[in-house]
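Peer 1: Each chain, letter by letter, is given below.
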Amino acid sequence: MFEMRGIEKRFNAVIALDGASLSLSPGEVLALLGSNGSGKSTMIKVLAGLVAPNQGEIILDGQPVSINSGYESRKLGIATAFQDLSLIPTMSVMDNIMLGREPVNSVGIVNRKGAIQEVRELLERFEIQCEPDAYVQTLTPSTQTMLEVAKAVALKPRLLLLDEVTAALHYDEIEVLFRIMRELKDEGVAMIYVTHRMDEIFKICDTANIMRGGKTMTQSPINELDLDEVVFHMTGMRPEAAKKSETEDSFSEEGRELILDVSHLEMLPKVRDISMKAFKGEIIGIGGLQGQGQSEFIRLVLGAEKIEDGSIEFCGEKVSFASPAEAVKKGLGFISGERNRDAIFHLRSVEENLTTGLVAKGNLASFLSPAKLASFSKKAVERYNIVLESIKNPASTLSGGNQQKLVVARWIAMDPILLLLDDPTKGVDIVARQEIHKILRECADEGMTIIISSSESDELLTIADRIYVFFDGQVSDMLEGANKTSERLVASMMGLSKTMATEEA
Amino acid sequence: MVQTHSVKKMTFLQKVNGFIQKSPARMAIIIATLLYGITVAMVPTALNLSAITSIIMLTLLLSFASAGQTIVLIAGGMDFTVGAVMSAGAIITTAIMNGQDGNFVKTLVVVLLSSAGIGLLNGICTVKIGLPAMIVTMAISNVVNRLTYVLTDGSPLGYASPAFIKSVTSKILGFVPSLALYGLVIFPIVFYLLYFSRLGKQVYLVGNNDNAARLNGINTSKVKILTYVISATLSGFTGMLGAGYMQSAKCQMFDGYAFNSLIAVIVGGTALSGGVGTYTGSIAGALLMVVLTNMLTALSLSQPVRNIAMGIVMISLLILYNREKSVRQ
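Here the protein sequences come in this chain order: D and X. Letter by letter, the first sequence follows residues 195 to 699 of my numbering. Letter by letter, the second sequence follows residues 2 to 330 of my numbering.
Don't read these hints as lab results, they were simulated from the structure. Be aware that one or more of the hints could be misleading.
Reference listing, derived: stretches of chain X covered by chain D, where coverage requires no fewer than 3 residues with Cβ under 8 angstroms from a Cβ of chain D [what the hints assert, rightly or not]:
no.: 1; region: 201–207
no.: 2; region: 210–219
BS3-like, lysine-lysine: derived pairs with alpha carbons at most 30 angstroms apart [said to hold, decoys possible]:
no.: 3; chain 1: D; residue 1: 586; chain 2: X; residue 2: 223
no.: 4; chain 1: X; residue 1: 129; chain 2: D; residue 2: 523
no.: 5; chain 1: D; residue 1: 524; chain 2: X; residue 2: 223
no.: 6; chain 1: D; residue 1: 523; chain 2: D; residue 2: 397
no.: 7; chain 1: D; residue 1: 500; chain 2: X; residue 2: 223
no.: 8; chain 1: D; residue 1: 350; chain 2: D; residue 2: 307
no.: 9; chain 1: D; residue 1: 566; chain 2: D; residue 2: 555
no.: 10; chain 1: D; residue 1: 572; chain 2: D; residue 2: 524
no.: 11; chain 1: X; residue 1: 129; chain 2: D; residue 2: 512
no.: 12; chain 1: D; residue 1: 523; chain 2: D; residue 2: 471
no.: 13; chain 1: D; residue 1: 379; chain 2: D; residue 2: 397
no.: 14; chain 1: D; residue 1: 555; chain 2: X; residue 2: 223
no.: 15; chain 1: D; residue 1: 678; chain 2: D; residue 2: 409
no.: 16; chain 1: D; residue 1: 524; chain 2: D; residue 2: 471
no.: 17; chain 1: X; residue 1: 129; chain 2: D; residue 2: 524
no.: 18; chain 1: D; residue 1: 524; chain 2: D; residue 2: 620
no.: 19; chain 1: D; residue 1: 524; chain 2: D; residue 2: 500
no.: 20; chain 1: D; residue 1: 555; chain 2: X; residue 2: 129
no.: 21; chain 1: D; residue 1: 523; chain 2: X; residue 2: 223
no.: 22; chain 1: D; residue 1: 573; chain 2: D; residue 2: 632
no.: 23; chain 1: D; residue 1: 586; chain 2: D; residue 2: 572
no.: 24; chain 1: X; residue 1: 223; chain 2: D; residue 2: 512
no.: 25; chain 1: D; residue 1: 573; chain 2: D; residue 2: 523
no.: 26; chain 1: D; residue 1: 632; chain 2: D; residue 2: 555
no.: 27; chain 1: D; residue 1: 678; chain 2: D; residue 2: 632
no.: 28; chain 1: X; residue 1: 167; chain 2: D; residue 2: 500
no.: 29; chain 1: D; residue 1: 555; chain 2: D; residue 2: 573
no.: 30; chain 1: D; residue 1: 620; chain 2: D; residue 2: 523
no.: 31; chain 1: X; residue 1: 223; chain 2: D; residue 2: 566
no.: 32; chain 1: D; residue 1: 500; chain 2: D; residue 2: 474
no.: 33; chain 1: D; residue 1: 620; chain 2: D; residue 2: 500
no.: 34; chain 1: D; residue 1: 474; chain 2: D; residue 2: 572
Every residue, glycine too, gets a C-beta built ideally from N, C-alpha and C.
Input sequences plus hints: build the corresponding full structure.
Peer 2: Written out as structure tokens, the structure is:
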């Protein structure tokens, strides 16, 4: 019924899709799998009419079609539930669901009663506990996600696209979702299901389409695949290491000073249960697919988010920072990879950007000597090799890599006890990245404890002494010593080591 | 031909923009000088010592009133209570002094404390409750104004003390009002706060990127609340000085200062979106505002026509500034 062939998409020099293909018949649930950047989302966006492919054809009922806008996609009977939601927060639940297809009478007046009735039935079917006139922004993230799916289903599509919707859902909600998917399947609706959770695909999907680097590696019935096979197609590597016994012998806690001891940290839905230890002079890596709770965990430690359950001990003292300001006072530092949003003061000078640490800590009325600030930042520029025209120019005049070095330098110059880095080399070129790694290693050797989260496996394997792998808000594995292999990292990023353990048990 | 003409025009505009971008303060002073020149050319009697004294006096008052506004705006907020707090400060001053010498310290303490209280209220409502600064401060400004009516039955009593009046309105070298001596206290404090203290540095960072400032360990709520407290305290003190200048007080006598201080600050190059600005610029902006008002008065235009002219000039200036901003972002 439905087919995509030889789809190519280039964003300038980046090739997102390179001859990808898939096919689907009515009532089929297709799992679209692949690691970060493999092109899954781009495929979904092509179907949703958000991305125009450079090449390739889309065939519906034997007829080639072109999808140039969201509207055209809808008209062909395609509905999409997006990962980052397409709801309008300031509108009510009902208005969101009925958006663009409000039932009207002959003179064009909206029939609210009819709409409310329809919306109530829909909410009931999805077991969503809310009033049709509640504002979307007042709902919890997981309810919003359910609503996003409900909105797509309400369009009565022939093809339903679900882009990582379960990432933000609770277990009971996932059950509801699966029930509805089975109902839709019986009605003959075809579905494309994108997820990082391997156990789900075996529960609900008929076929799996696995992508890597913009290419479709295979499409085959799910019962002909097993986990190893899936991971092999996704990564090109056999996850053998995952089956090794979990010996953690090479690491000894004795004689080392415990800096951070986190136990059973919880902030639903992103952080479910995370425990972690970090010792003096260690570089701890946090790995995992995107959105498994890494950023939230780091922000919890920093006091930028509120802890729901669990405890944090810092330097042997139980702490619960109410704000980053408190954490910084105690000797924490934080470097974010989202530099525009979280780190750079683009209107202010390079010098002011470098000296934020000095500026943040201390008495508000006290005098900050311009000469001291200047020499502080001059030293940082020299030590970290930041390329710039003038230290008085706005930070926005620096290149991306140099801006990131600036942010790293800012904190390292403050000599924190514990430095937290959230994907610090995102979008940074390889040279600047290596320089940042070198700086971090030097600091760790001097006794700084560093926790670095990264979306890139290679980076973690290069820099980290131990790697905690996050999956679904929990630690799925801890890698160190001989276990620190890319196969094992990949397997645990998919949550496989846990699945394995439960299967064997 | 037409094309080359338009290209030339573009580059001229760009030049003007570039110049403003570099130093809005200098630009404001140049425009102010030009306007005064035009005024004198059209109405030669406008050139006299007492007119100059009055321009200096009003510029000083407006630049004192703009000091807090500058700090609030740089931190990304807005303070519309400047006028109401000034009026209240003036009313408190005349009421306590009551035409008698010797109550200066008592007056000062009461004025500073009560205005700081209003600033604290502004800060808490905008920052902690998260309401838009413009709405909150306008509402509080109304409350303060109505309160002055209620407490004084609409006609405030008393006069500023003779010694205090003298300390504000005496002339140094024959034309500089002695109010300038207060400037010797206020200007250094503001310059210190904004450019050399830790608070000032934090104000710029918070205004530029609130989220980054918070994650870098700055207590952004505290900083923002403090800017409102500083602004209100300075406004209250300016109101007290204003009472010395006017000798007696009336309800809502300084209402215009809320809007004028905002315009002076923006004309002086402070970004409405926060993160950028200088107090020097605001002082120059205050001068421009006063000279412009003086010109419209000297031309003996009627009040409505003056308001219209003022509005047109302000809008033209703001267009120039906004253009610079959109180019940057």
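Peer 1: Evaluate each hint against the coordinates.
Peer 2: Right, here's what the structure says about each hint:
Coverage of a stretch by a chain is defined here by at least three residues with a beta carbon nearer than 8 angstroms to that chain's beta carbons; for the region 201–207 of chain X and chain D the count is 4, and the condition holds. By the rule of at least three residues with a Cβ nearer than 8 angstroms to a Cβ of chain D, the coverage given for the region 210–219 of chain X holds, with 9 such residues. At most 30 angstroms may separate the alpha-carbon atoms for a hinted pair to count; residue 586 of chain D and residue 223 of chain X meet this at roughly 28 angstroms. The straight-line distance between the Cα atoms of residue 129 of chain X and residue 523 of chain D is roughly 22 angstroms, inside the 30 angstroms bound, and the hint therefore holds.
With a C-alpha separation of about 18 angstroms, the suggested pair residue 524 of chain D and residue 223 of chain X falls inside the 30 angstroms cut-off, and the hint holds. The straight-line distance between the Cα atoms of residue 523 of chain D and residue 397 of chain D is roughly 49 angstroms, outside the 30 angstroms bound, and the hint therefore fails. Proximity of residue 500 of chain D to residue 223 of chain X is assessed by CA-CA distance (about 19 angstroms); at most 30 angstroms being required, the pair is judged to hold. With a C-alpha separation of about 20 angstroms, the suggested pair residue 350 of chain D and residue 307 of chain D falls inside the 30 angstroms cut-off, and the hint holds.
For the proposed pair residue 566 of chain D and residue 555 of chain D, the alpha carbon gap of about 15 angstroms is at most 30 angstroms, so the pair holds. Straight-line distance between C-alpha atoms of residue 572 of chain D and residue 524 of chain D comes to about 26 angstroms, which keeps the hinted pair within the 30 angstroms bound. The hinted pair formed by residue 129 of chain X and residue 512 of chain D meets the criterion: a straight-line CA distance of about 28 angstroms does not exceed 30 angstroms. Restraint check: the Cα-Cα separation between residue 523 of chain D and residue 471 of chain D comes to about 21 angstroms, which is no more than 30 angstroms; the hinted pair holds.
Distance hint between residue 379 of chain D and residue 397 of chain D is fulfilled; the C-alpha atoms sit about 14 angstroms from each other, no more than 30 angstroms. Between the alpha carbons of residue 555 of chain D and residue 223 of chain X the distance comes to roughly 13 angstroms, so the proposed pair stays at or under 30 angstroms and holds. For the hint pairing residue 678 of chain D with residue 409 of chain D, the CA-to-CA distance comes to about 28 angstroms; that is within 30 angstroms, so the pair holds. Our distance criterion of 30 angstroms between C-alpha atoms is met by residue 524 of chain D and residue 471 of chain D, whose separation comes to about 18 angstroms.
Of the pairs offered as hints, the one joining residue 129 of chain X and residue 524 of chain D holds, with about 24 angstroms between alpha carbons and a cut-off of 30 angstroms not exceeded. Distance restraint check for residue 524 of chain D and residue 620 of chain D: the Cα-Cα separation of roughly 27 angstroms lies within the 30 angstroms cut-off, and the hinted pair is therefore satisfied. With a C-alpha separation of about 18 angstroms, the suggested pair residue 524 of chain D and residue 500 of chain D falls inside the 30 angstroms cut-off, and the hint holds. Between the alpha carbons of residue 555 of chain D and residue 129 of chain X the distance comes to roughly 22 angstroms, so the proposed pair stays at or under 30 angstroms and holds.
Restraint check for residue 523 of chain D and residue 223 of chain X: satisfied, since their Cα atoms lie roughly 15 angstroms apart, inside the 30 angstroms limit. Proposed proximity of residue 573 of chain D and residue 632 of chain D is supported: the alpha carbons are some 17 angstroms apart, at most 30 angstroms. Between the alpha carbons of residue 586 of chain D and residue 572 of chain D the distance comes to roughly 11 angstroms, so the proposed pair stays at or under 30 angstroms and holds. As the CA atoms of residue 223 of chain X and residue 512 of chain D are separated by approximately 25 angstroms, the hinted pair is consistent with the 30 angstroms bound.
For the hint linking residue 573 of chain D to residue 523 of chain D, the alpha-carbon distance of about 23 angstroms falls within 30 angstroms, and the restraint holds. For a cut-off of 30 angstroms, the pair hint linking residue 632 of chain D to residue 555 of chain D stands: about 27 angstroms separates their Cα positions. For a cut-off of 30 angstroms, the pair hint linking residue 678 of chain D to residue 632 of chain D stands: about 20 angstroms separates their Cα positions. Annotation: proposed proximity of residue 167 of chain X to residue 500 of chain D is violated, straight-line Cα distance about 57 angstroms (limit 30 angstroms).
Note on residue 555 of chain D and residue 573 of chain D: the hinted pairing holds, with a Cα-Cα distance of about 19 angstroms set against a maximum of 30 angstroms. The hinted pair formed by residue 620 of chain D and residue 523 of chain D meets the criterion: a straight-line CA distance of about 27 angstroms does not exceed 30 angstroms. With a C-alpha separation of about 25 angstroms, the suggested pair residue 223 of chain X and residue 566 of chain D falls inside the 30 angstroms cut-off, and the hint holds. Of the supplied pair hints, the one linking residue 500 of chain D and residue 474 of chain D holds, its CA atoms being roughly 26 angstroms apart against a limit of 30 angstroms.
In summary, the hint linking residue 620 of chain D to residue 500 of chain D is supported, as the alpha carbons are separated by about 26 angstroms, within the 30 angstroms threshold. Between residue 474 of chain D and residue 572 of chain D the alpha-carbon distance is near 29 angstroms, which keeps this suggested pair within the 30 angstroms criterion.
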